[in-house]
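Peer 1: Work out the full structure, taking the sequences as your base and the hints as a guide.
Each chain is listed here by its residues.
2 protein chains.
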Amino acid sequence: MIDYQEELELYLEQIREMTQNKQYAQLRELFLPMEPADIALLLEEAGEEAISLLYRLLPKELAAEVFVELESDSQEKLINGFSNSELKEVLDELYLDDAAGIVEEMPASVVIRILDRATPEMRKSLNEILQYPEDSAGSIMNMEFLSLKKDMTVADAFKRIRRIGGEMETINILYVTDPTRHLLGVLSVRDLLLADEEDLIEDIMDTNLVWAKTVDDKEEVAQALSKYDFLAMPIVDKEDRLVGIVTVDDAMDVIEEATTEDFEKMAAMLPSDKPYLRTRAFDTWKARIPWLMILMLSATFTGMILSHYENALAACLVLNAYIPMLSGTGGNSGTQASVAVIRALSLDEVDFSDVLRVLWKELRVGLLCGVCLAGANFLKMMLVDRMLLGNSEVTIPVCLVVCLTVLLVVVLAKAIGCSLPLLAEKIGLDPAVMASPFISTLVDATSLLIYFQFASMLLGI
Amino acid sequence: MIDYQEELELYLEQIREMTQNKQYAQLRELFLPMEPADIALLLEEAGEEAISLLYRLLPKELAAEVFVELESDSQEKLINGFSNSELKEVLDELYLDDAAGIVEEMPASVVIRILDRATPEMRKSLNEILQYPEDSAGSIMNMEFLSLKKDMTVADAFKRIRRIGGEMETINILYVTDPTRHLLGVLSVRDLLLADEEDLIEDIMDTNLVWAKTVDDKEEVAQALSKYDFLAMPIVDKEDRLVGIVTVDDAMDVIEEATTEDFEKMAAMLPSDKPYLRTRAFDTWKARIPWLMILMLSATFTGMILSHYENALAACLVLNAYIPMLSGTGGNSGTQASVAVIRALSLDEVDFSDVLRVLWKELRVGLLCGVCLAGANFLKMMLVDRMLLGNSEVTIPVCLVVCLTVLLVVVLAKAIGCSLPLLAEKIGLDPAVMASPFISTLVDATSLLIYFQFASMLLGI
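Just so you know, the protein sequences line up as chains F and E, in that order. No gaps in the numbering here: position 258 of the first sequence is 257 in numbering that gives the first Met the number 0, and each next residue is one more. No gaps in the numbering here: position 313 of the second sequence is 312 in numbering that gives the first Met the number 0, and each next residue is one more.
Keep in mind the hints are simulated off the structure, nothing from the lab. Hints are supplied without guarantee of correctness; some may be wrong.
To give an idea of the interface, some chain F residues facing chain E are shown, with a C-beta separation under 7 Å as derived from the structure [stated by the list, open to error]:
1. Gly165
2. Leu193
3. Phe262
4. Trp284
5. Ile288
6. Leu316
7. Pro323
8. Thr328
9. Pro436
The beta carbon of each residue, even a glycine, is placed where N, CA and C say it ideally should be.
Peer 2: Below you can see the structure in the form of structure tokens.
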């Protein structure tokens, strides 16, 4: 494990020095014992000019593994510098799902060059994978997997593994199919090792099958793989034929990417596909400005409500001082509920059909929170604002207006916060977009209306 | 894959009916082909009374696998109903890391009973695991792994796998140790299968090793495992002896749990360890009220600033209508920056040493966003508020006050938002706690001060 900052700097220093002194043999020796992911990190950090030089020092197989781990802009730069035979060499070493992942990120000119250099089989498979929708299991599956026939013996299976297992991404899980490629069973290489040489595959395979379809959402497939503790999920096409597998390492990447997107959406940003520091300021701006603009303009309504009650406020200006607290408390209460529900949705713990259970829960939580917050606020207003700070405008009716508003706003915010994401899911929108900023804006406006309603009832303004 | 709501309801209906009619053989048949995770879900949903009846229908090995997947309160309930021999049966089937995970969640009385029934070796190992800090790799590792000696032949290794491989959680990755249990190399079962029977292990093992320590943070170990696409991470003790492995399925659970905690902390909630709908309203309240209370009381400062400028506001009440927009825009801008940095921190993409790069990036993004937002706001105020709505109080100086404040607040919010999480990480606090609600409160107060400063400068109030 390269401990991120400390060792990284040391290695980078070494690499810079060796590159300057043209100590290429030593550089190669330095990289050889490292993990591909770490080498990729170092290449990225070493800078644009060094990357293609350093990359060419790596032995062929390692080079391909490192290539997969690079960011797509570095991959593009490398490919543009490759001779045709270099490109072919890399492609030959890549697993199909990795190759497909790379091709998806490249501009058309590069894609054409890649398809041109790929073997006919790879080209055919790449074309197939590229036809699946971007978020589907088909788009991330690997079409190279090891399948067995049910009438093979264990010894036959071992022979098959020895013959073609070297080219597969994984042989830990083996799939048994019939002549029409329908999935019959699954077994692990351990099952094979613990069985007798003469045992038939059909006698030792597990026929309790779980699979996903090529068109299934890749995030759901990844979550299912995690839930079942699988090393790979078999993927079938529309005719239920086994066409590929999604392996656990790819599932982890899918989950990580989806989680990052959720975080971004919840914080009112458009999802980005590059690491934070590698995104240019301009791209970050593009991802952030749309929601900022929308939310700023929608805050106009809140402003209009305030303008509308300008005279009421002028008559009792003390009310104004509690508006930030009310809008903050409402926003935070709503955010808590919405984030809890959004997370539960993405972990498949709740569903729109649970909406009543969720609402009932949030109403009780909201009531508990509201009563506590209103109580604390009452004490604070009477003891601190009135007695300690001597603000004689803080009368008991004013206190009541503020505290009743707190109570009602908290309950309402919880109800809005928990139901909007469920509603969004139901109508096919992304629940994460319904998170805090959106709900805060909605709750802001609502809480002001409630506030002035109570004020006009209790203070007669 | 049980498609969450639709099939679940169907199965539950069937289970209820069969239970009522005492069709136990059919119930057993229903469960047998299912995945343990799905059976656990159905048992949980079937209700408190049914669970122990249904559980006892499962064959021994499947029962243990289902047991691991249950929520800890159901596990506790089942254990309390177990006879001593039933408890022993379950324990015998469990992998050590699962047993340790269960024991950690149980009250003392149950723990004593479990330790009492465990085999002496399991008791010893459980005691060892339980001594590791809760968040350490040691606390989630499995001490049962398959190790080989370097002078074994491939044939010897297969013999060893056939003899003891059945009891191991995984045999896909094998570790080569010296007599003092120091890690020498690693190989996959595929390497064994593709090698000759007479090859020596030391000739085919991979000596480029990556490992973690028992005291390392479990989340970091899980992230490393994901980064390197490993199926298991070897764990060494203080003396660098191999003592266990963390497998990919456990790493996925760790990441999922840590992500949920991050979401909760960012939304100002204390982390909970149960799924959303299974947490009682009272427990949810306990997790949410502390931050709501703190944030409500800290909004007092914002209120005090407003009170302080009460006279200035009374002189130019139109300013009041733009406060929600200012605080919202500031809060959202800060949240975007903080969430982006918090996520980058947890993916190990940035570090405190990057603080200047991060600040430089956010300042540029802030400036871009600020200029756009201020510009849009100027247009909106002049065209909508002044011309369309005919509010003659919206003069050009007022516009300038609002727009300059927007610009400055956005830049400041970005700077605060990105640096607070980095600072928190540096001084050993949790960066996720520095997220939106905290930053919004801080930005709220700051933006008001800036607003009134500009107002007094440009409007002379």
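Peer 1: All the hints need checking, so say for each whether the structure fits it.
Peer 2: Hint-by-hint comparison with the structure:
no., hint, in the structure
1, Gly165, "holds, 6 Å"
2, Leu193, "holds, 6 Å"
3, Phe262, "holds, 5 Å"
4, Trp284, "holds, 4 Å"
5, Ile288, "holds, 6 Å"
6, Leu316, "holds, 5 Å"
7, Pro323, "holds, 4 Å"
8, Thr328, "holds, 5 Å"
9, Pro436, "holds, 5 Å"
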